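> Combine both chains into one complex, guided by the hints.
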Amino acid sequence: QLTPSSFLRIGQLSNVDLNEDIHELETEVPRQRPNEIPHNEKLLSLKYESLDYDNSENQLFLEEERRINHAAFRTVEIKRWVICAMIGILTGLVACFIDIVVENLAGLKYRVVKDNIDKFTAKGGLSFSLLLWATLNASVVMVGSLIVAFIEPVAAGSGIPQIKCYLNGVKIPHVVRLKTLVIKVCGVILSVVGGLAVGKEGPMIHSGSVIAAGISQGRSTSLKRDFKIFEYFRRDTEKRDFVSAGAAAGVSAAFGAPVGGVLFSLEEGASFWNQFLTWRIFFASMISTFTLNSVLSVYHGNAWDLSSPGLINFGRFDSEKMGYTIQEIPIFIFMGVVGGILGALFNALNYWLTMFRIRYIHRPCLQVVEAMLVAAVTATVGFVMIYCSRDCQPIQGSSVAYPLQLFCADGEYNSMATAFFNTPEKSVVNLFHDPPGSYNPMTLGMFTLMYFFLACWTYGLTVSAGVFIPSLLIGAAWGRLFGISLSYLTKGSIWADPGKYALMGAAAQLGGIVRMTLSLTVIMMEATGNVTYGFPIMLVLMTAKIVGDYFVEGLYDMHIQLQSVPFLHWEAPVTSHSLTARAGCSVGPSHEGWLQCGTLTHATLLQVAGLRGLILRSQLIVLLKHKVFVERANLSLVQRRLKLKDFRDAYPRFPPIQSIHVSQDERECMIDLSEFMNPSPYTVPQEASLPRVFKLFRALGLRHLVVVDNRNEVVGMVTRKDLARYRLGKEGLEELSLAQT
Amino acid sequence: SAGLPGDLPELEPECRSLLAAFAEGSAALTGCLGRRARPVRLCQGCHGHYRRLLAQYGSIARAVGNSSESHNCAKSILTSDRLQIVVTLSEFFNETWEAANCANCLKNNSEGLSNYTEEFLDLFNKSLTCFEHNLQGQAIDLSPNNYTEVCKNCNETYTKLNDLYNHLQKMNRQGGESAHSSHLCIDVEDAMNITRKLWSRTFNCSLPCSDTVPVIAVSSFILFLPIVFYLSSFLHSKQKKRILILPKRIQSNANLVNIQEKYS
Numbered sequence: 001q002l003t004p005s006s007f008l009r010i011g012q013l014s015n016v017d018l019n020e021d022i023h024e025l026e027t028e029v030p031r032q033r034p035n036e037i038p039h040n041e042k043l044l045s046l047k048y049e050s051l052d053y054d055n056s057e058n059q060l061f062l063e064e065e066r067r068i069n070h071a072a073f074r075t076v077e078i079k080r081w082v083i084c085a086m087i088g089i090l091t092g093l094v095a096c097f098i099d100i101v102v103e104n105l106a107g108l109k110y111r112v113v114k115d116n117i118d119k120f121t122a123k124g125g126l127s128f129s130l131l132l133w134a135t136l137n138a139s140v141v142m143v144g145s146l147i148v149a150f151i152e153p154v155a156a157g158s159g160i161p162q163i164k165c166y167l168n169g170v171k172i173p174h175v176v177r178l179k180t181l182v183i184k185v186c187g188v189i190l191s192v193v194g195g196l197a198v199g200k201e202g203p204m205i206h207s208g209s210v211i212a213a214g215i216s217q218g219r220s221t222s223l224k225r226d227f228k229i230f231e232y233f234r235r236d237t238e239k240r241d242f243v244s245a246g247a248a249a250g251v252s253a254a255f256g257a258p259v260g261g262v263l264f265s266l267e268e269g270a271s272f273w274n275q276f277l278t279w280r281i282f283f284a285s286m287i288s289t290f291t292l293n294s295v296l297s298v299y300h301g302n303a304w305d306l307s308s309p310g311l312i313n314f315g316r317f318d319s320e321k322m323g324y325t326i327q328e329i330p331i332f333i334f335m336g337v338v339g340g341i342l343g344a345l346f347n348a349l350n351y352w353l354t355m356f357r358i359r360y361i362h363r364p365c366l367q368v369v370e371a372m373l374v375a376a377v378t379a380t381v382g383f384v385m386i387y388c389s390r391d392c393q394p395i396q397g398s399s400v401a402y403p404l405q406l407f408c409a410d411g412e413y414n415s416m417a418t419a420f421f422n423t424p425e426k427s428v429v430n431l432f433h434d435p436p437g438s439y440n441p442m443t444l445g446m447f448t449l450m451y452f453f454l455a456c457w458t459y460g461l462t463v464s465a466g467v468f469i470p471s472l473l474i475g476a477a478w479g480r481l482f483g484i485s486l487s488y489l490t491k492g493s494i495w496a497d498p499g500k501y502a503l504m505g506a507a508a509q510l511g512g513i514v515r516m517t518l519s520l521t522v523i524m525m526e527a528t529g530n531v532t533y534g535f536p537i538m539l540v541l542m543t544a545k546i547v548g549d550y551f552v553e554g555l556y557d558m559h560i561q562l563q564s565v566p567f568l569h570w571e572a573p574v575t576s577h578s579l580t581a582r583a584g585c586s587v588g589p590s591h592e593g594w595l596q597c598g599t600l601t602h603a604t605l606l607q608v609a610g611l612r613g614l615i616l617r618s619q620l621i622v623l624l625k626h627k628v629f630v631e632r633a634n635l636s637l638v639q640r641r642l643k644l645k646d647f648r649d650a651y652p653r654f655p656p657i658q659s660i661h662v663s664q665d666e667r668e669c670m671i672d673l674s675e676f677m678n679p680s681p682y683t684v685p686q687e688a689s690l691p692r693v694f695k696l697f698r699a700l701g702l703r704h705l706v707v708v709d710n711r712n713e714v715v716g717m718v719t720r721k722d723l724a725r726y727r728l729g730k731e732g733l734e735e736l737s738l739a740q741t
Numbered sequence: 001s002a003g004l005p006g007d008l009p010e011l012e013p014e015c016r017s018l019l020a021a022f023a024e025g026s027a028a029l030t031g032c033l034g035r036r037a038r039p040v041r042l043c044q045g046c047h048g049h050y051r052r053l054l055a056q057y058g059s060i061a062r063a064v065g066n067s068s069e070s071h072n073c074a075k076s077i078l079t080s081d082r083l084q085i086v087v088t089l090s091e092f093f094n095e096t097w098e099a100a101n102c103a104n105c106l107k108n109n110s111e112g113l114s115n116y117t118e119e120f121l122d123l124f125n126k127s128l129t130c131f132e133h134n135l136q137g138q139a140i141d142l143s144p145n146n147y148t149e150v151c152k153n154c155n156e157t158y159t160k161l162n163d164l165y166n167h168l169q170k171m172n173r174q175g176g177e178s179a180h181s182s183h184l185c186i187d188v189e190d191a192m193n194i195t196r197k198l199w200s201r202t203f204n205c206s207l208p209c210s211d212t213v214p215v216i217a218v219s220s221f222i223l224f225l226p227i228v229f230y231l232s233s234f235l236h237s238k239q240k241k242r243i244l245i246l247p248k249r250i251q252s253n254a255n256l257v258n259i260q261e262k263y264s
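Protein sequences appear in the order of chains A and B. For the first sequence, UniProt numbering assigns the number 1 to the initial residue and increments by one for each residue that follows. For the second sequence, UniProt numbering assigns the number 1 to the initial residue and increments by one for each residue that follows.
Bear in mind the hints are in silico, worked out from the structure with no lab data behind them. Quantities reported herein were computed from a predicted structural model and do not represent experimental measurements. Treat each hint with caution, since some may be false.
[Unchecked claim] Computed Cβ-Cβ distance ranges for the label pairs, DEER-style:
id	chain 1	residue 1	chain 2	residue 2	range
1	B	His236	A	Val82	53 to 59 Å
2	B	Gly34	A	Pro435	26 to 32 Å
3	A	Tyr299	B	Asn125	45 to 51 Å
4	A	Pro435	B	Phe92	55 to 61 Å
5	A	Leu349	B	Asn166	16 to 22 Å
6	B	Ser110	A	Val143	53 to 59 Å
7	B	Ala28	A	Tyr488	46 to 52 Å
8	A	Gly315	B	Phe92	28 to 34 Å
9	A	Tyr488	B	Glu24	50 to 56 Å
10	A	Leu489	B	Ala27	49 to 55 Å
11	B	Ile85	A	Pro394	34 to 40 Å
12	A	Lys625	B	Leu246	57 to 63 Å
The C-beta atom is built at its ideal place from N, Cα and C for all residues, glycine as well.
Same shape as in the complex, but just chain B (with noise of 0.2 Å):
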């Protein structure tokens, strides 16, 4: 259809290229986050698709061109209506790409899990197989005492898990102060999450509560301090007495006003 000039009401063709490469990148992104929901699995499997997507974005933008009608394909596709589709659709993906924090775990470059990501990912794979081979031929919901086996078992394999965790946020936490978040990658986050979960609420394997008489032996000691304290100054040190003076004053036989003299 080029009955009418320039770019209405159709597109140019480079640009309606452009627009539906866009348009298909955005479905697959959209369907890679969609199936990686639960458990949290984005990071890893969709941040191929996601910089696709940003170089597609960003050859929209470059196409700017120079006051020449032929290539101003950004302004035509971003900027040319209230509703502005191509933009929100590309904050969403930013957005939500900067809340799961995915640089965290990726490689500087983006194109592949960083080394401390590889190496959590493959801790937490050998923690579940440990639980599942310790809960081999036993129904998860017996009473917590047959969750001794695992909890013995797997401790090992949980504590270098749950330190390597810690490291990490350790590190994040140095790294970048207020302009970095204070959350690491969500897979990552994800995946300790439910290994505590298990580990605390479905196995039960938390510490015991111990010493408690040692604790309650040095806290009688020292909350009994203070009494003997009290007593001991009450007992034995002289009360502090204070001297009354009387002042000469001007005996006036006139009617003095009801005074009441207070001894304590």
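Looking at chain A on its own, in the form it has when it is part of the complex (with noise of 0.2 Å):
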């Protein structure tokens, strides 16, 4: 029906400010407090918006669902499982992609860099080698940095908070862009190849959710090209639930783990599972690290031979040869606890280096500068502890790819140069699994310090690149000391195998960096293939997370609230049930007849005797684009009606405001908006406590929640700023402020 009060006067628009600057919102509150102040932990970002998940339930939607019949649904229902296995399938074929890559190019670099040592050693002259070896790796470093620097900043790190983010609601912007992928899989490449401390694991999860986006589309924004299939989807929240299996089918080709893949997806994105999505991503997580498989046989030649389910793979752990006993349990929970200390100590280091970094080293040409420092120092490390170390060791077999012999004695090799001149995969593999006494403690000690450092000062540099696997790899050589010192102890006791140690070692640091839980423990139950290794693993977790959350937090949540995104946890911090939502909730400049809500430039409320309503921002650029007006439509100028197919073909980057066109004419008509606007958007009455609306708003992934008085007038609207902003500090209860960034 058309009611006056559903028409919006296009004049009265343009007092209403619809820029992106945040001008209506005034300071008013009489308080000295500076304007600015130096980039704290303790801020949230305006320029993070929520993903909406609500469906606004017009006229036109109506209309559509009573359009498409039942069978209509089910054959969305088949494309949702096609398009979870194409994201398995592209997301298996990239991560191939990326390990041939690697393999190739690092190859060729160590066999330069071997070829010019041994020249070396020989005729005088090291110090050429160690300038070699600086210089190709911060020339490497430097392209791979300089990718991510100028044309691309959101690829940099391992892109794991960046999807923990978007899995909890928030639109981190350029996120899952087909730009972001390129750059992404390029830099991770060029860091590995560059010699830096640094792991492929991680990045594979923020390329897997990329995949995912770009196909459940069915066009490319970027390319500008429309498949028009999967038109359906073109939602945030069908995009939410794929990216969720993109995700899944990432960690499941970096590790060969697809329950850990379907966890994290789970751990990470709680608010909205059902079972179909669970049985969706499995599927997709499956396809994924079976194509990884079958493509990187059919490379290694022996095709289905089928060994290697991931771009990690930890090797075999046989029960007979590496059993555990329960005895070995309370040495276990130890490293645990040794793990959780690590791990804080880690991430304290590495919170004062980003801090740092933010402050100071916020130009892209000093970040790229940065990066190459630090592989020139990587290179000279390696160099100088591989020079200074006198361990030779005879090689066996051929478990060592690039074997330097430097000042060995024929048939030896140095063995520091075996820890330094690998890739870190095989590193930590062959701290698995070799036999007892192949590695000296102090050439051990040695190399675990001087990783250790290295590692925290390389994750946070503006490239693309995962700490998964340095943290292992410090775990391993730590746990494998732990293990040598033992059986020292117990004077050659059977039952202390170093690798099983070493091991343990591994999930007590990673877990105390990261601090995942379930889906570690799933994963590396998976990786090492044996399920009795489940339990140790998980007390050792366990402990970990404990004893290093009484520290400081994970490092992944620890990179968010630098970034100031507004993330919404589990559930509202504990003492806060004194908060209403009246109290909570931003109110903004009202005019005749609706009020519009302060933060929220891309919401409009309409009430009229009660609230009648809510349209977005987002709509109403479409309708301006459109000129839907009332006027003409009186005149009959021929105009067909507009539907859900509109608006769906403006997701997801709407027409900014300044390029649509109004004219003087234009000015004085009027839309009708009683189509368009969400008749029953969610209302919370103003005495609402804050927990109570924290679980509204999260559970069902709104973005704005309206909050009215017992004559159902609007009060205001509460967003996800207005829930993050609510904390549980050391000292209680703290409130975030709001920065601009």
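Here's what the structure looks like:
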């Protein structure tokens, strides 16, 4: 029905600020607060908006539902499965590509450096080899850092914090674009070849998510091609479901752990879970690991060998050779404590470093220079350690791909070189499986120390790189040291097999740094291929998390806070029941007949004698673009009626308000909003406590939640920032400030 | 004793002679292997015995016959009891020969050493002669200073030997990938091992650690660069500041919980 209240006069719209800037938020609190402060972690940035999972059930939507019949809905369900299969296949292929290119390029680099070192060992002039190695590293990393810093900064880091935020419901700009995927893949290849202390498994999760977001929309906005398929899925709700499948497929391809991948997505986005989604996500991860396995088997020459289910393969952990007894459980728990403490130390150091970087190293060219310096120093540290090490071991078979002899006797090779000259993945596997006595404790100890500080320094640089493998390597190294000292103390008891302790150390260190519990346990259980190890790994991870959480947060959560993202945890802070919705919501200027709310330049509430509806900014823009004016309809200017498809076509990058031209005549026109507005937005009474509001908001994945009084008159609106600003700090409930970043 | 029919309890006469020949061949090969165990010379010395034994076992295994009971030696000798001694012995010799990888240093028809092996053994003997020559008249357990003669004079021969060995290893790796053993034949490996132990451990002739000063200089320079970088960015870069925004809220005079505002 056309009621006068649902008409919106265009002219009046121009009084309302539809600009991007937040002009209408005035400071009126009379307190002496400094307006400019240096960056800290107790801020929330205004540039992050929420994803909108709430379906606007306007009349267009109801019409569409009447039109689509039952058979068409089944087709939609089949399409979902097809998309999940495609996500799995493509993620597996991208992982293969990364693995093969890294293997070849890194092999080339090691061969060049090794030949050079061999040549100069006899002749003298080893400093040239050092310069060559440092220069090679620095130049490769320079290219990798340039593409990230100048073309797509959101591709920096491992991508797991960004995907955690996306699954939490925060729209991080550019995080699932095609450009990001390309930069991420090239960046990770260049970082690993450049010899940085990084891994290539973390970025697979981000890549999988981008692939999922791209395929599920059936078009590419960057390449401006619309394949006209999957149009039903062009919504935040559907996209988010597919992104969870993509993240799971990424984990599965990285570690060969399909169930671990499903649990990773579950852990991060638990609020919207349902059975069908679990089944589809599991399908996608299985296909991903199978694709990777078969393509890599074909590449290595023995098709259907199927022995490399993930980018890293931990090798077979045999229960007979490497069993454990119940007396070792307390030892494992102690290792968990050590892992938690070391992880907290790692995170704390990284926190100060990241703070420094955000405050002082914010120009792109400085970031590139920093990355180059880190690469050069990594090469130097490796070279100096190899040079000074007098530990020579005879080579057994072909366990080392590029053995360096340096100053050892013929037939023996420098064992420090086997640690530094290998890819980190192979070093980890060697630490797990080499027979007792293969490693000199002093060598291993020095290596652990150096690598710990290098990895801590490297995480947070403007390069695409992950932190899983470095943590595993650090943990495996000190775990093996622990095992060696244990067998020395017990005078060579058989049960102190150092490889088993290396595994527990690796789990402890990784748990201490990233603090993931359920998914990490299952990932490690699947990666080792042995379910009996699940129990001690779980104990170790739990201990590491408890001990680590006492000191400082996990690495990813810390970086999310440092980026000022309004991240909502699983539950509201426990002592916040006395905060009401009325106190917490935002209010904005009101105009006759309706109320527009504050921080939300993207939503307008319509009320006449009570709340009537909610209309989004993006919908208004589409309406203005199509010039859906009442006067034009009355004059029966040929105008087809707007359908839901027009709104979906404009998703996700709606045109900015500046590109909409409204002429002087048109400013006097009116738009009838009754067909387009959401007639039943979720509301909450003003006396509702913060935890109730939080639960509703989080469970439904809302973007706006209207606060009404007992006459259904609008009081204000609650958004993500209003909820995220309350946090449980060290001394109780604290409120974060909003800042412009 | 032709009292009982068939080959029970004694074997047929032909099978008996085949078995006796096999037993003698095994004894000869075992004796040869034992005698050439240290230093390992078994590929060179025992390949003839091995070939003969293979032929004898082959003639037993081939004597299958055609279901007529008279010439079925294979069945009666090889598979008539639980222990199957003949099969066990033959497998043992085959496995040892495979493990030693003697095929690597013999000619294709296994009738003699290959050219490379001959060359290698020749160089090996030359190196040993050179060592003895330069140590003549001196006791072995004198101070290492007296080994400088050996290191200087025999360096060329030793280097040639080492290079030839590396070349052989490279060829072996390229030749076959997984179906092939990654080792050379045991004679060659052991000879090289002995020479290397003499050269590096006994005579201590390894390469000295050179270039310490330039390496320290270059590495200190590279390690110093990040410190300079961080200091200069701390002192010269403008610190990134954030502008606080204070949103409009309903001022509620109801009891608000004590919220702690933190400025950092």
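> Could one say that the CB atoms of Leu489 (chain A) and Ala27 (chain B) fall in the range 49 to 55 Å?
holds (51 Å)
> A range of 53 to 59 Å was offered for this pair. Does it hold for the Cβ distance of Ser110 (chain B) and Val143 (chain A)?
Given about 55 Å between the Cβ atoms, the range holds.
> Does 53 to 59 Å hold as the CB distance between His236 (chain B) and Val82 (chain A), or does it fail?
holds (56 Å)
> Does the hinted range 16 to 22 Å hold for Leu349 (chain A) and Asn166 (chain B) at CB?
Once the Cβ atoms are compared, 45 Å apart, the range 16 to 22 Å for Asn166 (chain B) and Leu349 (chain A) is violated.
> Do Lys625 (chain A) and Leu246 (chain B) keep their Cβ atoms within the hinted range of 57 to 63 Å?
Given range 57 to 63 Å: violated, Cβ gap about 34 Å.
> At the C-beta level, are Ile85 (chain B) and Pro394 (chain A) separated by a distance inside 34 to 40 Å?
holds (38 Å)
> Holds or violated: the 46 to 52 Å window for the beta-carbon distance between Ala28 (chain B) and Tyr488 (chain A)?
holds (49 Å)
> Does the Cβ-Cβ separation between Pro435 (chain A) and Phe92 (chain B) fall within 55 to 61 Å?
Check failed, 26 Å falls outside 55 to 61 Å.
> Do the beta carbons of Tyr299 (chain A) and Asn125 (chain B) sit within 45 to 51 Å of each other?
Since Tyr299 (chain A) and Asn125 (chain B) have Cβ atoms about 47 Å apart, the given range 45 to 51 Å holds.
> A range of 50 to 56 Å was offered for this pair. Does it hold for the Cβ distance of Tyr488 (chain A) and Glu24 (chain B)?
For Tyr488 (chain A) and Glu24 (chain B) the Cβ distance comes to about 53 Å; the hint holds.
> Evaluate the given range 26 to 32 Å for the C-beta pair formed by Gly34 (chain B) and Pro435 (chain A).
holds (30 Å)
> Could one say that the CB atoms of Gly315 (chain A) and Phe92 (chain B) fall in the range 28 to 34 Å?
Since Gly315 (chain A) and Phe92 (chain B) have Cβ atoms about 32 Å apart, the given range 28 to 34 Å holds.
Hints 4, 5 and 12 from the earlier list are contradicted by this structure; the remaining hints agree with it.
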